[in-house]
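Participant: Those protein sequence lines, which keep their order, are chains A and B. Going by my numbering, the first residue of the first sequence is number 1, and it counts up by one from there. Going by my numbering, the first residue of the second sequence is number 1, and it counts up by one from there.
None of these hints come from the bench; they were simulated from the model. Do not rely on the hints blindly, as some may be mistaken.
Claimed, not checked - According to the in silico footprint, chain B covers these stretches of chain A (three or more CB under 8 Å from chain B):
1. 34-47
2. 54-67
3. 286-296
4. 305-311
For every residue, glycine included, the Cβ atom is placed at its ideal position computed from N, Cα and C.
Number of protein chains: 2
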Amino acid sequence: MKDLYQGILNGSKSALSRGITLCESTLPKHQESAQVLLQKLSPNTGKSKRIGITGVPGVGKSTFINALGKQLIEESNLKVAVLSVDPSSPVSKGSILGDKTRMSYLAQSENAFVRPSPSGSTLGGVAEKTRSCILLCEAAGYDVVFVETVGVGQSEVLVYNMVDVFLLLLLPGAGDELQGIKKGVVEMADIIAVNKADGEMEQAARKAITQYRLALQLMHSGREQWKTPLVTCSSTEESGLTVIWKLVQDFYSGRSLYIESERTKQEVKAFEDQCTAFLIDWAKEKGIGHLNELKGRLERGKGNSTESFLEFKKAWLQEFNS
Amino acid sequence: MKDLYQGILNGSKSALSRGITLCESTLPKHQESAQVLLQKLSPNTGKSKRIGITGVPGVGKSTFINALGKQLIEESNLKVAVLSVDPSSPVSKGSILGDKTRMSYLAQSENAFVRPSPSGSTLGGVAEKTRSCILLCEAAGYDVVFVETVGVGQSEVLVYNMVDVFLLLLLPGAGDELQGIKKGVVEMADIIAVNKADGEMEQAARKAITQYRLALQLMHSGREQWKTPLVTCSSTEESGLTVIWKLVQDFYSGRSLYIESERTKQEVKAFEDQCTAFLIDWAKEKGIGHLNELKGRLERGKGNSTESFLEFKKAWLQEFNS
Numbered sequence: 001m002k003d004l005y006q007g008i009l010n011g012s013k014s015a016l017s018r019g020i021t022l023c024e025s026t027l028p029k030h031q032e033s034a035q036v037l038l039q040k041l042s043p044n045t046g047k048s049k050r051i052g053i054t055g056v057p058g059v060g061k062s063t064f065i066n067a068l069g070k071q072l073i074e075e076s077n078l079k080v081a082v083l084s085v086d087p088s089s090p091v092s093k094g095s096i097l098g099d100k101t102r103m104s105y106l107a108q109s110e111n112a113f114v115r116p117s118p119s120g121s122t123l124g125g126v127a128e129k130t131r132s133c134i135l136l137c138e139a140a141g142y143d144v145v146f147v148e149t150v151g152v153g154q155s156e157v158l159v160y161n162m163v164d165v166f167l168l169l170l171l172p173g174a175g176d177e178l179q180g181i182k183k184g185v186v187e188m189a190d191i192i193a194v195n196k197a198d199g200e201m202e203q204a205a206r207k208a209i210t211q212y213r214l215a216l217q218l219m220h221s222g223r224e225q226w227k228t229p230l231v232t233c234s235s236t237e238e239s240g241l242t243v244i245w246k247l248v249q250d251f252y253s254g255r256s257l258y259i260e261s262e263r264t265k266q267e268v269k270a271f272e273d274q275c276t277a278f279l280i281d282w283a284k285e286k287g288i289g290h291l292n293e294l295k296g297r298l299e300r301g302k303g304n305s306t307e308s309f310l311e312f313k314k315a316w317l318q319e320f321n322s
Numbered sequence: 001m002k003d004l005y006q007g008i009l010n011g012s013k014s015a016l017s018r019g020i021t022l023c024e025s026t027l028p029k030h031q032e033s034a035q036v037l038l039q040k041l042s043p044n045t046g047k048s049k050r051i052g053i054t055g056v057p058g059v060g061k062s063t064f065i066n067a068l069g070k071q072l073i074e075e076s077n078l079k080v081a082v083l084s085v086d087p088s089s090p091v092s093k094g095s096i097l098g099d100k101t102r103m104s105y106l107a108q109s110e111n112a113f114v115r116p117s118p119s120g121s122t123l124g125g126v127a128e129k130t131r132s133c134i135l136l137c138e139a140a141g142y143d144v145v146f147v148e149t150v151g152v153g154q155s156e157v158l159v160y161n162m163v164d165v166f167l168l169l170l171l172p173g174a175g176d177e178l179q180g181i182k183k184g185v186v187e188m189a190d191i192i193a194v195n196k197a198d199g200e201m202e203q204a205a206r207k208a209i210t211q212y213r214l215a216l217q218l219m220h221s222g223r224e225q226w227k228t229p230l231v232t233c234s235s236t237e238e239s240g241l242t243v244i245w246k247l248v249q250d251f252y253s254g255r256s257l258y259i260e261s262e263r264t265k266q267e268v269k270a271f272e273d274q275c276t277a278f279l280i281d282w283a284k285e286k287g288i289g290h291l292n293e294l295k296g297r298l299e300r301g302k303g304n305s306t307e308s309f310l311e312f313k314k315a316w317l318q319e320f321n322s
């Protein structure tokens, strides 16, 4: 444990990997060790820029992260970590091959660390493991942590709730592909970039920007004092990346108190979410309050929620004599 | 109880009011009676159209409901109930005076029932009381139940999760007022109506429609096989209301299985939400697992969610020897 702790602080990638594996384990013994590790590393966390990246499959998220990461490493001398969140992934390491191909620069760089989505039976489980990953990467000295959404499902909301700034990549064609963007994702975006604005698509990208600008009038970023900017970029031509990084820096500039308080809110919410998820699972497992039967009855279209809940509550209180 | 039950089934407004008051009570004795009442009335519920109405303050929600309700009563011989959801209201009956003024027709009609938001210390509490209200109104023979969002807060999401179709009213000026619409509300809308499209504003309303149409390309209603239509209306000139009612009927047409399954999902979710809210409150009240201390520590920016959760879980399992 001491080696692991020191190894992570020294920036050893293998120690970091082992630390993450420990956090991802569901064995009670490992969970206890992970808890101790996180506690010890706690003073060394929190110093990175946590950046979420989302967009439909095919928009080029990995290629974008690879190009931007390369620039940050080569031009700004930063250390870059890339995590992905894929609640639909049944087993870990499913997308590592894909990532290694699309993130060829980062996969080989000394100053980059790429880790695929943890597996998990619940959305909450995947989210919490990724949260721990971010902390470990920070302790290992990574300056920028990209958290990429992969696959379908609710990964956008999960990632939004664990990063400081949320970047949405769009394709230049403003037509059908938009149907792939889920409810609310556009509104969560702090920065919107129309990717693949190169070659023949450059014109289309500019046109898309105009349309999106109108659409954005109906929305506003949830963050304080921030108006979501719209830009174009090309990961293959490596254009627009400097502008995007400038926007990220603007986002952080002079707002450390705000970001700190947002992170605190995220932690409190994550804690309560974990507790409630645990409590309901525990109640189901123990069969207290007939939770499963009552839910099953509702699923068959019988009764209503309030009536069922009152029944559950009564049984629960009886069980615990209170 | 028998009188109350029969009274509600006979459509007595005073019985309905008393039934709702019973459901809104927080006294355990009343809650038990409410449970019995809901259980008995259960076979007589579910037959109404449940319609949510939202929009910023000043858009004319009450006036709109009054005008549409009047038309439904006079021309289609329907019975109309109007409930409101205002999680910010500390005491019940706060807005009844306002409602009676703006809903002058419905307030006096034999075939209408208007009830202000229940009070409640929690969002969930307000939601559940309103859910029960809907069921009681259905048992009392109301064909249409409007659920209006009032005040700020999260009332939109609450209402969205208890209705079949969600109608968003917008003002003709497409400028600053849009800032008042919260994240995600536009995307929840099943029908969007630009209200106050009368007199000098008629032209502005048409212009707004064009803008909104572009914006809507970025979004899509969450309901199956439904594209959110955009229309104009005027509550004072009573224009556009027939078109809107036609759209509501289209929404229901041939989709009873879909609506039934959506309602079932809503009930299951509401049940689980109530159970989890109860469990976490119970844990806090009993002080099991140091929930409050752990949360307080996080709020002061100390530690992280996973570490705190593991501590909670350990303490909880120890408490219950499992």
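Participant: Against this structure, judge whether each hint is valid.
Facilitator: Here's how the hints hold up against the structure:
Counting residues of the stretch 34-47 of chain A whose C-beta sits closer than 8 Å to any C-beta of chain B gives 6, which meets the bar of three, so the coverage hint holds. Under a criterion of three residues with beta carbons nearer than 8 Å to beta carbons of chain B, the stated coverage of the stretch 54-67 of chain A fails, only 0 such residues being counted. For the stretch 286-296 of chain A, the stated coverage by chain B is satisfied: 5 residues place a CB nearer than 8 Å to a CB of that chain, which reaches the threshold of 3. A stretch counts as covered by a chain when three or more of its residues have a beta carbon under 8 Å from one of that chain; for the stretch 305-311 of chain A and chain B the count is 7, and the coverage holds.
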